[in-house]
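Those sequence lines, one after another, are chains A and F. Residues 28 to 240, numbered by the numbering used here, are exactly what the first sequence covers, in order. Residues 28 to 240, numbered by the numbering used here, are exactly what the second sequence covers, in order.
Don't read these hints as lab results, they were simulated from the structure. It cannot be assumed that every hint is accurate.
Any copy, or any two copies together, can satisfy a pair, since identical chains are not distinguished.
Said to hold, decoys possible - Below, in silico cross-link-like pairs of lysine-lysine (DSBU-like), each with a Cα-Cα straight-line distance of 30 Å or less:
no., residue 1, residue 2
1, K87, K205
2, K87, K45
3, K158, K218
4, K218, K76
5, K166, K131
6, K131, K161
7, K201, K131
8, K128, K158
9, K218, K161
10, K158, K205
11, K131, K218
12, K233, K201
13, K233, K218
14, K201, K161
15, K87, K131
16, K161, K128
17, K76, K45
18, K128, K218
19, K128, K87
20, K218, K166
21, K87, K201
22, K131, K233
23, K205, K166
24, K166, K128
25, K233, K158
There are 2 protein chains.
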Amino acid sequence: MAVEQQTIQEFLDTLSSKAPVPGGGGASALAGALGSALGQMVANLTIGKKRYQEVEEEIKLLLEQLEAIKGEFLRLAAKDEEVFAPLAACYRLPSQTSEEKAYKEQVMEENLLAATLVPIQVMEKAMEALKILKALGEKGSRMAVSDVGVGVQLVRTGLLGAVMNVYINTGSMKNREKAEELNHRAGRMVKEGSALADEIYDQVLKELTRQKG
Amino acid sequence: MAVEQQTIQEFLDTLSSKAPVPGGGGASALAGALGSALGQMVANLTIGKKRYQEVEEEIKLLLEQLEAIKGEFLRLAAKDEEVFAPLAACYRLPSQTSEEKAYKEQVMEENLLAATLVPIQVMEKAMEALKILKALGEKGSRMAVSDVGVGVQLVRTGLLGAVMNVYINTGSMKNREKAEELNHRAGRMVKEGSALADEIYDQVLKELTRQKG
């Protein structure tokens, strides 16, 4: 069943169980979707308000972009489950003869790459979502600025959760050049994304404690 | 409807909308529940394995504790919605006469305190969950160590998301002594919890890149 069609209880139950999926990969993608939804809430609380009329068109665009990103996160949560079974099956392939060994290695390599590209895409979507949350934190309704802060933490979890599955899979790849290239790409996103997330969150916290404290 | 009985799609839809609840508070509590569930997955993958027989009784206890904490996070997500309506209603109370003003101030103060105690409890549960995840990261199945890492990020989001609602509500409280006491309690949990989360996550990352990189 598609992730979004499950009740939260059902998802939590299978996540808690020893079933291999959903696991950290699916939970990371779901965190990204929750963070995107919070960004949409902020956009929806901004649109239609006189005070924010000047940025309304821009906010509408950000709302649309978040809708697409949220959908991508859910698609990737499902995809994360799909790539698991063929990869697990690879480990059970025979490797007695040299032909069997060569075949197993090739299929394994293909499946490891497929399993790495899913969390890489989760990370890319998280980077996009963070940039939108930054704009919403600057221009969106001040009433909802705390929701930007929570959204940022959720998307950051998507980023820092997904990178683990990148490292697990690239660690087993034979093509070290490709593996290092993917690790480098992921590492750069972690560095840039964490810094951006911290910057947005700290700004929100500053505003909250200044405004009201 | 209880949070956990909704489908993920339903929850994401209302979260995205301009409806005030669920918002950042409910999403923070849900992040805590997801992180606790991942901890349970790690425990379930450890129990029954010969290699971890020595710690099995301890892990079973951690599993039970996480089940209770996960339930508390869900209860607090619902509670977060419950305390919103009476607080919002307070702002609409009349404040013409001095009696009306005094009554409004008193009711407001009570409701602000109730609305602050929910995220404070979310933070307390997050602190408990982080300590359990630390133990699971040290003693649980090495196969599932990345799930500890993702779980930690989710629970950290519960902590850093919930604190925003503490500051928003204490910022409006008239009793500044009580407000500062609550802010201090929350600030200490943020500091200790973030440090603990970073420590566990970095340890997991180190193991993943050493093991396989």
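At most 30 Å between alpha carbons: which applies to K128 and K87, within, between, both or neither? Neither way: K128 and K87 sit 54 Å apart in one copy and 40 Å across, limit 30 Å.
Treating 30 Å as the Cα threshold, decide for K128 and K218: within, between, both or neither. neither (38 Å within a copy, 51 Å between copies)
Intra- versus inter-subunit Cα pairing at 30 Å for K233 with K201: Between copies only: 21 Å across chains, 47 Å inside a chain, cut-off 30 Å.
Between the shortest in-copy and the shortest cross-copy C-alpha distance, which are at most 30 Å for K201 and K161: within, between, both, or neither? neither (39 Å within a copy, 32 Å between copies)
30 Å Cα threshold - placement of K128 relative to K161: Neither: 49 Å inside a chain and 39 Å across chains, both beyond 30 Å.
Between copies, within a copy, both or neither: which fits K131 and K161 at Cα up to 30 Å? neither (45 Å within a copy, 37 Å between copies)
30 Å Cα cut-off: does K166 pair with K131 within a copy, between copies, both or neither? Classified as neither; 53 Å inside a copy, 33 Å across copies.
At 30 Å max between alpha carbons, let me know whether K76 reaches K45 within a copy, between copies, both or neither. The answer is between: 12 Å across copies meets 30 Å, while 48 Å in one copy does not.
With identical chains treated as interchangeable, where does the CA-CA distance between K233 and K158 reach 30 Å or less: within a copy, between copies, both, or neither? Classified as both; 19 Å inside a copy, 28 Å across copies.
Since the copies are identical, ignore which copy is meant and state whether K205 and K166 lie within 30 Å (CA to CA) inside a copy, between copies, both or neither. So K205 and K166 fail the 30 Å test inside a copy (40 Å) and across (33 Å) alike.
Is the C-alpha distance from K233 to K218 at most 30 Å within one copy, between copies, in both cases, or in neither? both (23 Å within a copy, 16 Å between copies)
Indicate which option fits the pair K131, K233 if close means a Cα-Cα distance not exceeding 30 Å: within, between, both or neither. Only across copies: K131 and K233 sit 29 Å apart there, 55 Å inside one copy, limit 30 Å.
The earlier numbered hints that this structure contradicts are 1, 4, 5, 6, 8, 11, 14, 15, 16, 18, 19, 21, 23, 24.
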